[in-house]
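Participant: Below, each chain spelled out in residue letters.
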Amino acid sequence: MSYLRILTNGIIKENPTFVLLLGMCPTLGTTSSALNGMSMGLATAFVLIASNMAVAMMKNLIPDKVRIPAYVVIIATFVTVVQLVMQAYVPGLYASLGLFIPLIVVNCIVLGRAESFAAKSTTTESAFDGLGIGLGFTMALTILGAVREFLGTGRIFGWNIYPEKFGSLLFVLAPGAFIVLGFLIALFNIFTKRSK
Amino acid sequence: MAKVESTFLNMVISLVLITGCAAALLAGVFEVTKTPIAFSEKSKQVEAIRQVTSSFDNSPLEEAFKVAIADGDSLTVFPIKNNGKMTGAAVESGTKKGFSGAIRVMVGFNVDGSVRNYVVLHHSETPGLGSKMQEWFSDHSRPGQCVIGKNLQNPLRVKKDGGEVDAITAATISSRAFLDAINRAHQAYRLINYKEDAKDSASVHHKGNKP
Chain A
1 MSYLRILTNG IIKENPTFVL LLGMCPTLGT TSSALNGMSM GLATAFVLIA
51 SNMAVAMMKN LIPDKVRIPA YVVIIATFVT VVQLVMQAYV PGLYASLGLF
101 IPLIVVNCIV LGRAESFAAK STTTESAFDG LGIGLGFTMA LTILGAVREF
151 LGTGRIFGWN IYPEKFGSLL FVLAPGAFIV LGFLIALFNI FTKRSK
Chain H
1 MAKVESTFLN MVISLVLITG CAAALLAGVF EVTKTPIAFS EKSKQVEAIR
51 QVTSSFDNSP LEEAFKVAIA DGDSLTVFPI KNNGKMTGAA VESGTKKGFS
101 GAIRVMVGFN VDGSVRNYVV LHHSETPGLG SKMQEWFSDH SRPGQCVIGK
151 NLQNPLRVKK DGGEVDAITA ATISSRAFLD AINRAHQAYR LINYKEDAKD
201 SASVHHKGNK P
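In order, the protein sequences belong to chains A and H. Numbering-wise (this note's numbering), the first sequence opens with residue 1 and increments by one. Numbering-wise (this note's numbering), the second sequence opens with residue 1 and increments by one.
Keep in mind the hints are simulated off the structure, nothing from the lab. Because the structure is a prediction, the values reported are computed rather than measured. Among these hints, one or two may not hold up.
What the hints assert, rightly or not - Chain H residues, not near chain A, derived (Cβ > 10 Å throughout):
1) 54
2) 55
3) 66
4) 70
5) 72
6) 82
7) 110
8) 114
9) 116
10) 144
11) 153
Stated by the list, open to error - The following label-pair restraints were derived from C-beta to C-beta distances:
12) H:140 with A:115: 36 to 46 Å
13) A:162 with H:164: 31 to 41 Å
14) A:161 with H:84: 51 to 61 Å
To be verified - EDC-like mimics (lysine to aspartate or glutamate), calculated; alpha carbons at most 20 Å apart, straight line:
15) A:13 with A:115
16) A:165 with H:62
17) H:3 with A:115
18) H:81 with H:62
19) H:97 with H:166
20) H:97 with H:73
21) H:81 with H:112
22) H:85 with H:112
23) H:160 with H:180
24) A:165 with H:180
25) H:132 with A:164
26) H:150 with H:139
27) H:3 with A:64
28) A:120 with H:5
29) A:65 with H:5
Using N, Cα and C, we set each Cβ at its ideal position, and we do this for glycine too.
Taking the hints into account, I'd like the entire structure generated from these sequences.
Facilitator: Dropping the structure here:
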């Protein structure tokens, strides 16, 4: 598989949010604004790339029977790195994402890619897979966050589009997340079916 | 290179190696980020103190002390001084009565005990409803809901509970919790005020006794 195919595979064909429907907890929890969604996506993308590469490099050193604990330790390490770095240099963002950063450890996308892709591929391929899936996740979360922020508060990335009082609180809360996600998946399906 | 067999020894060695490397990496990152994390925590507090108090020439963070209030909890008080004289204080207060968890606020007091300003440091209230605490209770154009400048003779209460403060629309529980945090801060401030008075009169008394 060429590197470009691996990259677009993660963004479109196997988009973690719209196609695989993995990692729903952070998807619904952190996308109350476009900026939060994008930061969560980028943090996950970094962990994905790093853990995919580490797993691919060490795949022959890890005995099969203990591979899951080994992967979890590798993933948790990178998540803690992200957490400490965010806490130190972007404390505002860290405060708004809060609990969801440590929860990247149990995000099934990360463990899923380690198990189903990185454990069978070369280091470079795995890095590209991590980048592709990570970008797909970031894109999905940013769009979801932007739509919810727009409908809920009249802003996109904090820029005012229309007065806040016309926004519907529903879209900032959890039910709005489900509704918007459903419509976005439908749109995504129309778009990908047509291009086939 | 062939894949390592799943023998007991191999499994132990590989897990020990991986956890060891992870620990080393984390220790490194922790060392590097330790100072910036402490710094950003501190500057957040200083920023909040500056927002809620008038100008000062001491370092409130270093002179901070804890005051125990009636319900057994203790709050941190940051005294504000000019030329060594106390001109007010910021009190870091909180409550656990929020609609979804704890609320923490920094409340500034003038020397007469009236609320000068406040900053909500942390909350997990409903976005769009309870989250309006910061703007709602500091809106000077609506005296019915503004707590700034209030000198608390009695604890503040929302109108529903027989008090005089308008609660946030559709967020009475959050409003109640917020006022509770303010009341607790005021309780702490009153306690230290009495203490300061006592100290002053004690020193005067002492001087008077000197031959």
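Participant: Indicate, hint by hint, whether the structure satisfies it.
Facilitator: Here is what the structure says about each hint:
no. : hint                         : result
1   : 54                           : 26 Å, holds
2   : 55                           : 25 Å, holds
3   : 66                           : 24 Å, holds
4   : 70                           : 31 Å, holds
5   : 72                           : 28 Å, holds
6   : 82                           : 30 Å, holds
7   : 110                          : 29 Å, holds
8   : 114                          : 30 Å, holds
9   : 116                          : 25 Å, holds
10  : 144                          : 20 Å, holds
11  : 153                          : 35 Å, holds
12  : H:140 with A:115: 36 to 46 Å : 58 Å, violated
13  : A:162 with H:164: 31 to 41 Å : 35 Å, holds
14  : A:161 with H:84: 51 to 61 Å  : 52 Å, holds
15  : A:13 with A:115              : 19 Å, holds
16  : A:165 with H:62              : 43 Å, violated
17  : H:3 with A:115               : 15 Å, holds
18  : H:81 with H:62               : 12 Å, holds
19  : H:97 with H:166              : 18 Å, holds
20  : H:97 with H:73               : 14 Å, holds
21  : H:81 with H:112              : 14 Å, holds
22  : H:85 with H:112              : 14 Å, holds
23  : H:160 with H:180             : 14 Å, holds
24  : A:165 with H:180             : 28 Å, violated
25  : H:132 with A:164             : 13 Å, holds
26  : H:150 with H:139             : 13 Å, holds
27  : H:3 with A:64                : 9 Å, holds
28  : A:120 with H:5               : 16 Å, holds
29  : A:65 with H:5                : 9 Å, holds
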